[in-house]
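**Student:** Take a look at the letters that make up each chain.
2 protein chains.
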Amino acid sequence: MTREFDRGYRGSYRPLVESYPDETVYPADSFRVEWGPIFHRGRLDGSARVLVIGQDPAAHEAIARRILVGEAGQRAQGLLARLGITRSYVYINALLYSVYGQGGGTRHVLDPKIVRYRHRWIDTIVKDQPIEAIITLGQLADQAYQAWRATPLGASSQAVYATVRHPTYPESASRSGTLTKAEAFQRLCDSWNAALDVIHPAVTPDVPVPLRHYGSTILPEDLAPIPDVDLPPGLPAWMGDLDAWAARTGADAQKKRATITVTVPTRARTWPVL
Amino acid sequence: MTREFDRGYRGSYRPLVESYPDETVYPADSFRVEWGPIFHRGRLDGSARVLVIGQDPAAHEAIARRILVGEAGQRAQGLLARLGITRSYVYINALLYSVYGQGGGTRHVLDPKIVRYRHRWIDTIVKDQPIEAIITLGQLADQAYQAWRATPLGASSQAVYATVRHPTYPESASRSGTLTKAEAFQRLCDSWNAALDVIHPAVTPDVPVPLRHYGSTILPEDLAPIPDVDLPPGLPAWMGDLDAWAARTGADAQKKRATITVTVPTRARTWPVL
Numbered sequence: 001m002t003r004e005f006d007r008g009y010r011g012s013y014r015p016l017v018e019s020y021p022d023e024t025v026y027p028a029d030s031f032r033v034e035w036g037p038i039f040h041r042g043r044l045d046g047s048a049r050v051l052v053i054g055q056d057p058a059a060h061e062a063i064a065r066r067i068l069v070g071e072a073g074q075r076a077q078g079l080l081a082r083l084g085i086t087r088s089y090v091y092i093n094a095l096l097y098s099v100y101g102q103g104g105g106t107r108h109v110l111d112p113k114i115v116r117y118r119h120r121w122i123d124t125i126v127k128d129q130p131i132e133a134i135i136t137l138g139q140l141a142d143q144a145y146q147a148w149r150a151t152p153l154g155a156s157s158q159a160v161y162a163t164v165r166h167p168t169y170p171e172s173a174s175r176s177g178t179l180t181k182a183e184a185f186q187r188l189c190d191s192w193n194a195a196l197d198v199i200h201p202a203v204t205p206d207v208p209v210p211l212r213h214y215g216s217t218i219l220p221e222d223l224a225p226i227p228d229v230d231l232p233p234g235l236p237a238w239m240g241d242l243d244a245w246a247a248r249t250g251a252d253a254q255k256k257r258a259t260i261t262v263t264v265p266t267r268a269r270t271w272p273v274l
Numbered sequence: 001m002t003r004e005f006d007r008g009y010r011g012s013y014r015p016l017v018e019s020y021p022d023e024t025v026y027p028a029d030s031f032r033v034e035w036g037p038i039f040h041r042g043r044l045d046g047s048a049r050v051l052v053i054g055q056d057p058a059a060h061e062a063i064a065r066r067i068l069v070g071e072a073g074q075r076a077q078g079l080l081a082r083l084g085i086t087r088s089y090v091y092i093n094a095l096l097y098s099v100y101g102q103g104g105g106t107r108h109v110l111d112p113k114i115v116r117y118r119h120r121w122i123d124t125i126v127k128d129q130p131i132e133a134i135i136t137l138g139q140l141a142d143q144a145y146q147a148w149r150a151t152p153l154g155a156s157s158q159a160v161y162a163t164v165r166h167p168t169y170p171e172s173a174s175r176s177g178t179l180t181k182a183e184a185f186q187r188l189c190d191s192w193n194a195a196l197d198v199i200h201p202a203v204t205p206d207v208p209v210p211l212r213h214y215g216s217t218i219l220p221e222d223l224a225p226i227p228d229v230d231l232p233p234g235l236p237a238w239m240g241d242l243d244a245w246a247a248r249t250g251a252d253a254q255k256k257r258a259t260i261t262v263t264v265p266t267r268a269r270t271w272p273v274l
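Same order as they appear, the protein sequences are chains X and H.
Going by UniProt numbering, the first residue of the first sequence is number 1, and it counts up by one from there.
Going by UniProt numbering, the first residue of the second sequence is number 1, and it counts up by one from there.
Read the hints as simulated data drawn from the structure, not as lab findings.
Idealized CB from N, CA, C, for every residue including glycine.
Among the hints, erroneous ones may be present.
As the list claims (entries may be wrong) - Cross-link-like lysine-lysine pairs, in silico, BS3-like; alpha carbons within 30 angstroms at most:
| # | chain 1 | residue 1 | chain 2 | residue 2 |
| --- | --- | --- | --- | --- |
| 1 | H | Lys113 | X | Lys255 |
| 2 | X | Lys181 | X | Lys113 |
| 3 | H | Lys127 | H | Lys181 |
| 4 | H | Lys256 | H | Lys113 |
| 5 | X | Lys256 | H | Lys181 |
| 6 | X | Lys256 | X | Lys113 |
| 7 | X | Lys255 | H | Lys255 |
| 8 | H | Lys113 | H | Lys127 |
| 9 | H | Lys256 | X | Lys256 |
| 10 | X | Lys127 | X | Lys113 |
What the hints assert, rightly or not - Label-pair ranges, simulated between beta-carbon atoms:
| # | chain 1 | residue 1 | chain 2 | residue 2 | range |
| --- | --- | --- | --- | --- | --- |
| 11 | X | Thr249 | H | Leu219 | 32 to 38 angstroms |
| 12 | X | Ser174 | H | Asp45 | 24 to 30 angstroms |
| 13 | H | Ala244 | X | Ala237 | 25 to 31 angstroms |
| 14 | H | Ala244 | X | Arg248 | 18 to 24 angstroms |
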């Protein structure tokens with residue numbers, strides 16, 4: 001069996017990963033700093049042509065140690081597939097740690113030290129890699145992009161830009177009760193289709209595909225699994241598959257903040273009868 | 001803040017990690033193949049002078065993706081510290097996957113394909129690195145060493161060798177009821193002291209220390225935490241600390257095989273009052 005793996009942080013990325021902001025920069029009342037920073041997913045080897053900026057990592061990401069590996073990531077992966085981008089991408093997040101509670105992300109996304117470290121990542125990526133397009137997932141990521149765009153290097157960027165609704169917008173928007181999940185999915189698709197119109201002509205695909213819009217929702221076939229080459233060495237393949245496998249559990253707020261339960265998905269329980 | 005991290009699998013280690021044996025080699029009735037292989041901990045950069053061979057990974061290791069990070073690893077780390085070896089070591093296991101159930105390790109540790117892949121690792125390590133001593137933890141690891149010693153490269157090795165009781169021997173032996181935990185700890189210490197006598201004069205220390213024997217048990221100060229440089233990038237420091245943080249949970253055998261619960265240790269719950 002041969003299986004690729006993510007080769008980690010080398011060259012200019014190494015000092016970035018050795019000097020990340022800790023809880024003195026990301027306050028522990030707003031961020032789950034106790035799970036450690038999670039930096040990226042995708043290419044750092046000079047081959048990335050699309051940079052995607054997400055929001056913050058969640059439970060799956062805290063275990064896989066790569067961002068956007070859960071449902072949100074698999075939807076985003078499907079968006080890139082419609083651009084013909086199956087490998088030449090890199091994802092970073094606006095925030096290095098998972099947001100804890102409401103509003104923490106909004107309050108801190110433009111904090112100077114958070115911005116400074118994020119800019120070091122974006123600068124390194126656009127200097128090292130032939131980025132043709134930048135896509136942001138959600139408003140915090142758009143704010144992160146706009147802050148960078150206001151820097152000299154950002155201002156000089158020729159990368160085509162689109163911001164889209166966050167991949168889990170349908171779930172969060174419909175939870176607030178102001179619109180149905182179906183309506184929220186329609187808005188998501190409209191937003192992603194508009195981005196496809198802008199980005200599709202601008203990027204060199206890995207696998208050329210005709211422009212194809214989403215319908216009114218995200219179908220199961222619109223999700224793409226996380227490829228092995230994006231995952232740390234030896235991670236089981238189910239950590240990149242479509243079934244959920246990580247959850248914050250615990251009977252009260254303390255225990256829930258302290259706990260992530262990892263469960264091999266049913267389809268991956270291929271062991272003999274116990 | 002500056003924090004080192006393990007730089008992963010490069011050079012001759014990359015093809016090893018890309019071509020590991022799967023469940024066709026490690027049968028799923030005897031090994032927890034569903035959690036993926038876990039390869040090593042420590043130096044792969046030409047600086048290792050002591051090779052330690054352990055047995056098989058457990059729950060902490062399945063999450064940290066490095067071997068011997070739990071209690072057993074911290075005891076072993078303490079043994080190396082008594083040799084003055086604080087950095088110039090590498091650990092591998094006799095078995096790439098966690099043993100499931102009784103006897104699976106013993107039954108399969110000398111399976112030809114398991115042996116062949118393990119020999120590729122040992123060969124690469126002794127060719128690439130100036131190994132002065134090899135220590136095996138427990139009987140399966142000793143069998144692994146003896147099988148390698150019977151190969152041409154193994155026979156030519158000048159590394160001093162010692163096999164010791166496995167770091168968690170006191171717990172496993174006393175569970176069987178034939179001796180007390182105190183007696184078992186005494187045996188462990190005797191075994192480790194004998195190894196110190198052989199190995200201490202043979203290795204070039206990172207930090208020279210006089211030979212100092214264990215007493216009749218392993219004291220808390222005999223455990224050494226796992227240094228950041230052994231852990232993947234961004235892992236929280238508590239994953240290398242002395243408090244346990246991973247457990248196999250689940251109400252029945254199926255669920256227990258499918259589940260690992262990760263809990264931030266109490267001492268690391270430094271967040272504000274919730």
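**Student:** If a hint holds in the structure, say so; if it doesn't, say that too.
**Tutor:** Verification of the supplied hints:
no.: 1; hint: Lys113(H) - Lys255(X); in the structure: 43 angstroms, violated
no.: 2; hint: Lys181(X) - Lys113(X); in the structure: 37 angstroms, violated
no.: 3; hint: Lys127(H) - Lys181(H); in the structure: 40 angstroms, violated
no.: 4; hint: Lys256(H) - Lys113(H); in the structure: 29 angstroms, holds
no.: 5; hint: Lys256(X) - Lys181(H); in the structure: 35 angstroms, violated
no.: 6; hint: Lys256(X) - Lys113(X); in the structure: 29 angstroms, holds
no.: 7; hint: Lys255(X) - Lys255(H); in the structure: 21 angstroms, holds
no.: 8; hint: Lys113(H) - Lys127(H); in the structure: 21 angstroms, holds
no.: 9; hint: Lys256(H) - Lys256(X); in the structure: 20 angstroms, holds
no.: 10; hint: Lys127(X) - Lys113(X); in the structure: 21 angstroms, holds
no.: 11; hint: Thr249(X) - Leu219(H): 32 to 38 angstroms; in the structure: 35 angstroms, holds
no.: 12; hint: Ser174(X) - Asp45(H): 24 to 30 angstroms; in the structure: 51 angstroms, violated
no.: 13; hint: Ala244(H) - Ala237(X): 25 to 31 angstroms; in the structure: 28 angstroms, holds
no.: 14; hint: Ala244(H) - Arg248(X): 18 to 24 angstroms; in the structure: 19 angstroms, holds
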